[in-house]
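Asker: Residue numbers (this note's numbering), protein chains in the order written: chain E, 1 to 305; chain U, 1 to 280.
Note that these hints are calculated values from the structure, not bench results.
Accuracy of the hints is not assured; some may be wrong.
Claimed, not checked - Some chain U residues judged to face chain E by a derived CB distance under 10 angstroms, without partners named: (1) M229; (2) G233; (3) V251; (4) D269.
To be verified - To list a few chain E residues with every Cβ distance to chain U over 12 angstroms, as calculated: (5) P58; (6) G83; (7) L105; (8) F121; (9) V208.
Said to hold, decoys possible - Quick look at which bits of chain U chain E covers, simulated, 3 or more residues with Cβ under 8 angstroms: (10) 175-187; (11) 200-206.
In this text, a Cβ means the ideal position worked out from N, Cα and C, and glycines have one as well.
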Amino acid sequence: MRRYIIRKLLLFIPVLLAIATLTFFLIRLAPGGPFDRDKNVPAEVQQSLERYYHLDEPLLKQYFRYLYGVVRFDFGPSFRKPGYTINEWILMRLPVSIELGVYSLIFALLIGLICGTVAAFYQNTWIDTILTSFAALGICIPAFVLGPILVLIFALHWEILPVAGWDFPQQKILPSISLGFMYSAYIARIIRSSIIEVLKQDYIRTAVAKGSSPTRILFIHALKGSLQPLVTFLGPAIAGLLTGSFIVETIFQIPGLGREFVEATFNRDYTMIIAIVLLYAVLILIFNLIVDIIQGYLDPRISYE
Amino acid sequence: MKFGINKLFSLLPELNLKGRLSLSLLILIILSSFIFPVLLSTSYEEQNLQLGAVKPSLTHWFGTDLLGRDLFIRTLYGIRVSFWVGLCATVVALIIGVTYGSLSGYAGGWLDTWMMYIVDILYTMPFTMFVIILMTFFGRNFYLLFIAIGAVEWLTMARIVRGKVMSIKQQEYIFSAKALGFSNFRILFKHVIPNLMNIVIVYTTLTIPQVILLEAFLSFLGLGVQPPMCSLGVLIREGVEVMEEYPWLIVFPGIIFVFTLLLLNLLGDSLQTVSNEKVG
Chain E
1 MRRYIIRKLL
11 LFIPVLLAIA
21 TLTFFLIRLA
31 PGGPFDRDKN
41 VPAEVQQSLE
51 RYYHLDEPLL
61 KQYFRYLYGV
71 VRFDFGPSFR
81 KPGYTINEWI
91 LMRLPVSIEL
101 GVYSLIFALL
111 IGLICGTVAA
121 FYQNTWIDTI
131 LTSFAALGIC
141 IPAFVLGPIL
151 VLIFALHWEI
161 LPVAGWDFPQ
171 QKILPSISLG
181 FMYSAYIARI
191 IRSSIIEVLK
201 QDYIRTAVAK
211 GSSPTRILFI
221 HALKGSLQPL
231 VTFLGPAIAG
241 LLTGSFIVET
251 IFQIPGLGRE
261 FVEATFNRDY
271 TMIIAIVLLY
281 AVLILIFNLI
291 VDIIQGYLDP
301 RISYE
Chain U
1 MKFGINKLFS
11 LLPELNLKGR
21 LSLSLLILII
31 LSSFIFPVLL
41 STSYEEQNLQ
51 LGAVKPSLTH
61 WFGTDLLGRD
71 LFIRTLYGIR
81 VSFWVGLCAT
91 VVALIIGVTY
101 GSLSGYAGGW
111 LDTWMMYIVD
121 ILYTMPFTMF
131 VIILMTFFGR
141 NFYLLFIAIG
151 AVEWLTMARI
161 VRGKVMSIKQ
171 QEYIFSAKAL
181 GFSNFRILFK
191 HVIPNLMNIV
201 IVYTTLTIPQ
211 VILLEAFLSF
221 LGLGVQPPMC
231 SLGVLIREGV
241 EVMEEYPWLI
251 VFPGIIFVFT
261 LLLLNLLGDS
271 LQTVSNEKVG
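Model the full assembly from the supplied sequences, consistent with the hints where possible.
Answerer: Printed below as a string of structure tokens:
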């Protein structure tokens, strides 16, 4: 097990190197630069700006200079946020995105688990039909449709929740629901079919035979046995929650990393773009690794060799 | 693709009620997106600045936008563009995925191990971010959009196809073809790939809504289809900007978008059920 984790962690290095290289050359080979939008910049100022950020050096030299920085966790200064280093800026914005992601995940898990379990228990009754239809509809409602419509109803029409912002608890409700909703529908579907599968197993028949109550069978025996597909889903889903926040943070004007990334690409903030891409890549890799490990605990039959 | 179309028609009569219903509604939507603009003799870009944004009425069923353009016609046109992007990008994903997956599965051995290892690595990449970078930095080109989306969506297709090829490879007719001395190329393209079509058709119908979703996501950020053209994502983006004063501009495109995705997903689901029953 330990060997497996170490081997996986070592594999992170070439993957991250590839991502850093790809991103670096992708944004550098494109036309345009970070200081093109500032009009009427005297040539000397432009030159000294480029010298300050080492933009006048050959591309390969810049690449190795950048890689050398990345290895020491130094992502350099931001091109468009004078006075800030990338590290300072990211440390300021990342907690917001993580907070949003965690709330959405809690919402998605809560709704998804309850709906999925109940639907499986009342399989092929009207309760199941309603819940399954709700889930089928839910996977078709992305955050950029749900978010505005929730704002329309709760903020503009009934005026019970704020339109945007990220300072008070009330402001965090609508963004979290918008982001988590689609995932709650996916989770409900996965849990339902997985529990239905598990309920056919022998050990459930044993539990019924020994007289366990239906609630106990459902929530203790069946739910635990059906978590594995959910865990497989959650790895990529957490990555999706992070990137999905691009949209939600834009709609609700939340000062998180997702909105920062979109702005950085529009502004050609080279160092910021690569730093955020790498950060997300690391997060995705780590979540995938955690999923692998948890799966081993849930199903001892999986071998890591 | 002759095989593909034959297979598609052989699957259709066996669709369940849900699948038939959603297929008919989808055909209805696509047909009406071509018929109504002609019938009402307005185009999606015809402006009426004096009119401005008006509420839904009998003359303008979904209302009009700030430039006085009829939202009903624009939504229908948006559906057309979204479907077009969905189809083209899916074809890109299909070509890459089927070729890659069948080569990997057919070759087997170390080549297969490495090709699938590359897919595993690509899976862990933050692809949405790459697509955003690609679209911002290299201009918002319509064809680049297909390629960018197709390049993201082929991974799952490759995995599914590879798994299927592995099982087809063990069939007796492949052994016979080998015994007859056919070249690997001929076996792969004449005997293996045509037998993949069931699974490819099912997965294609499930990919199209994913692509439409991704395109709308990009359009929402202003990176997808560019004005004066419009897709459903563009309409939603335009609607969000003015939803305080003119809520119908977000409500109608939003509902139509969700409904279209729902129909496509239902069709995919029921095709999947049919082809599973056929195999099992």
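Asker: So, for every hint listed, does it hold in this structure?
Answerer: Verification of the hints:
The interface hint given for M229(U) is violated, since its Cβ lies 19 angstroms from the closest Cβ of chain E, which is over the 10 angstroms cut-off. The restraint placing G233(U) at the interface with chain E holds, with a minimum CB-CB distance near 8 angstroms, inside the 10 angstroms limit. At a threshold of 10 angstroms, the smallest CB-CB gap from V251(U) to chain E is about 7 angstroms, leaving the interface hint in force. With 10 angstroms as the threshold, the beta carbon of D269(U) comes within range of chain E, its nearest partner Cβ sitting at about 8 angstroms, so the hint holds.
Once the 12 angstroms rule is applied to beta carbons, P58(E) is consistent with being away from chain U; the minimum gap is 20 angstroms. Distance check on G83(E): its Cβ is at least 25 angstroms (rounded) from any Cβ of chain U, clearing the 12 angstroms threshold; non-interface status holds. Every CB of chain U is more than 12 angstroms from the CB of L105(E) (nearest about 18 angstroms), matching its label as outside the interface. At the 12 angstroms boundary, the C-beta of F121(E) stays outside the reach of chain U, the nearest C-beta of that chain being 22 angstroms off.
The claim that V208(E) is not at the interface with chain U holds, since no C-beta of that chain comes within 12 angstroms of its own (minimum 27 angstroms). Interface restraint, the region 175-187 of chain U with chain E: violated (0 residues with C-beta to C-beta distance below 8 angstroms; minimum three). Coverage of the region 200-206 of chain U by chain E is violated. Counting CB-CB distances below 8 angstroms, 0 residues qualify, and the rule asks for three or more.
Consistency with the previously given hints fails for numbers 1, 10, 11, ordered from lowest to highest.
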